[in-house]
Amino acid sequence: MSDLASPAAEAKGPSVATIKIATIVVLLAAWQLIAVSGLLYKGLVPPPLAVASALLTELSGAVLYRDLGITLFTSFSGFVIGSLIALLVGIWLGSSTFFRRAFEPYILALAGTPKIIFLPILFLVFGLGVESKIAKSAMSAFFPVVFSTISGYLQIRLILLRVGDSFHLRWLQKVRMIYLPAMLPSLLVGLRLGLAMSIIGVLSAEIAYSDAGLGYRLMRYSDQFQIPSMYATIIVIFALASLVNAGFNHFQRSRLRYLERPSE
Amino acid sequence: MALAPADRGGETTTQIDRAGVLSARRLAASLGFDAATLLGLATVVSLLVLIELLVRTGAISSLIIALPSEAIGAIFHGETLLKLAQATKLTFGMVLAAMVAEVLIAIPAGYLLYRYKAFGKAYEGWLASLFAAPIFLLYPLFMVIFGRNNFTLIFMGMAAGIIPIIVHVRLAFMSVPSTLIKVGRSFHVSERTIFWKIMVPAGAKTIFTGIRLGLIYTLINIIAIEYLVDAGGLGRMVSDSYFRFDITGTYTAIIAVTLVSVVFNIIVNRIEKLVR
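These protein sequences, in sequence, are chains A and B.
Those letters in the first sequence? Residues 0 to 263, by numbering that gives the first Met the number 0.
Those letters in the second sequence? Residues 0 to 275, by numbering that gives the first Met the number 0.
A hint or two may mislead.
Derived PhoX-like pairs (lysine-lysine); straight-line CA-CA distance at most 20 Å [claimed, not checked]: (1) B:K181 <-> B:K196; (2) B:K272 <-> B:K204; (3) A:K19 <-> B:K116; (4) A:K19 <-> B:K120.
Quick look at which bits of chain B chain A covers, simulated, 3 or more residues with Cβ under 8 Å [stated by the list, open to error]: (5) 86-94; (6) 227-238; (7) 258-266.
The following residues of chain A were derived to be distant from chain B, with all beta-carbon distances above 12 Å [unchecked claim]: (8) A51; (9) L58; (10) G126.
In short, the hints are calculated from the structure, not lab data.
Just so it is clear, CB atoms sit at the ideal spot from N, CA and C, and this is done for glycine as well.
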């Protein structure tokens, strides 16, 4: 254990790009070795090329895009509904210490519970169609957004709230002109997490019961033991999650840069 | 998520808020309760009574929503309590096994990523993506590799929980002030002592935050997979009743699992406060 204060200098070792490329190469080689070694049941770990071929087949077929569209539609619809409700509830609880103390413990208690156990209630109330998946997405988005809204509201400077009062702004005007801009940094963090949770929520509901969507597709391939196609679907899902996350990150950074720009 | 109290008093409270506060405070004071707590409790009880009435009058079918009195009452039946105790023991046993593996792997991994800066930089983006990725979706893959057993559940719990711990351990060591390490050096203590006596205590809060997140991720993932594959403990309690179309049993199981989860979160929060 040497020189703890100054971690190994970059100049002495390989560059970040080299490490990334080397890691990918090593992982692919290990994958190939496991696939051809016969250590696992035949077909369980198909070679990377077989998965790449299955991925190409998936990407060139129209059905994948139909399932992708359904998952995205349900995720975003639920996200919008859940976030709007969370925004209203968050502003209400943020603006009142009394109501916050009354209801926040219950919201906190539900937030820490695995939401998947509520799926039977959603299926019973909304049916097995797309509505229950939208409800699941809304439920998943609600909790991160409501907490970030409350937290954001509590960070608004008192003088801004007083300015709104002194101009006799209506509630909606206050939300648009004062609350939302002032809460944005905190709110964006919650929205980003809420969107990720919405997608995961919809996928879990599709796996539990569905006849369309990426979660359904994954389970169908798993049940039919079409392993290369199953791997390909997992890659598509992880790529989708990464793309949405990166897209929201970009949006978050651009909005925060816009807010932080020096005023003229 | 504990929110910082910021009482802005009457300056931002609405008219409705004030009216509610006054009436609720008077009632609460006479009963010896905190007004806000009383309002919260009263709202929950009123909702349950409303649902009870709607189901009893047939406005809502009992095939959709179970009678709250029956669903809640069933929790206290000996059979349900026994099932709940067994399921809790099984699920938390798997969570514990996964957590031991996570800590044993993630702390050295996080330290190595701090120690070898280029590797830390190379993997930080990938780790952040994995943090937000639906890792539990890999379960069909590991089900066919390891089989439908508790080991798969433990492995999947570990796969989800290990990421936040690695990220936070690296972050903890990165945020240790270099002055503290220089003070250690000025006393000519060994690097090992600096690590155990300075770096670990200085980064303990951040490391614990990672372990807490890992614990929550592990529990959520294990219960999710238990529900989806109808195996294991708490998650299975819910799916088992639902798949048998036992509506009251399903609601009872959901309420019971929620209560266990709430108690678990309260304990974790208390421990976190103690550490802080």
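| field | Consistency of the no-contact label for L58 of chain A, given chain B and a CB cut of 12 Å | value | holds, 19 Å
| said: Is the listed coverage of the stretch 86-94 of chain B by chain A valid when you require three or more residues with a beta carbon under 8 Å from a beta carbon of that chain? | reply: violated (count 0)
| task | Sort out whether K196 of chain B lies within 20 Å of K181 of chain B, counting only the CA atoms. | result | The hint holds at about 13 Å.
| request: Mind taking a look at whether chain A covers the stretch 258-266 of chain B? Criterion is 3 or more residues with CB to CB distance under 8 Å. | output: Result for this restraint: holds, n = 4.
| task | Determine whether the non-interface label on A51 of chain A survives the test: each CB of chain B must be over 12 Å from its CB. | result | holds, 17 Å
| message | For G126 of chain A, is the shortest CB-to-CB distance to chain B above 12 Å, so the non-interface label stands? | response | violated, 10 Å
| Within a Cα-Cα threshold of 20 Å, do K19 of chain A and K120 of chain B meet the stated pairing? | holds, 10 Å
| K19 of chain A and K116 of chain B: Cα distance at most 20 Å? | Holds. K19 of chain A to K116 of chain B sits at ~13 Å (cutoff 20 Å).
| Agreement of K272 of chain B and K204 of chain B with the hint, judged by alpha carbon distance not exceeding 20 Å | Within the cut-off at roughly 10 Å; holds.
| query | According to a criterion of three or more residues whose C-beta lies within less than 8 Å of a C-beta of chain A, is the stretch 227-238 of chain B covered? | reply | It holds: at least three residues are needed, and the stretch 227-238 of chain B offers 5 whose Cβ sits within less than 8 Å of chain A.
In the structure shown, a violation is registered for the earlier hints numbered 5, 10, in ascending order.
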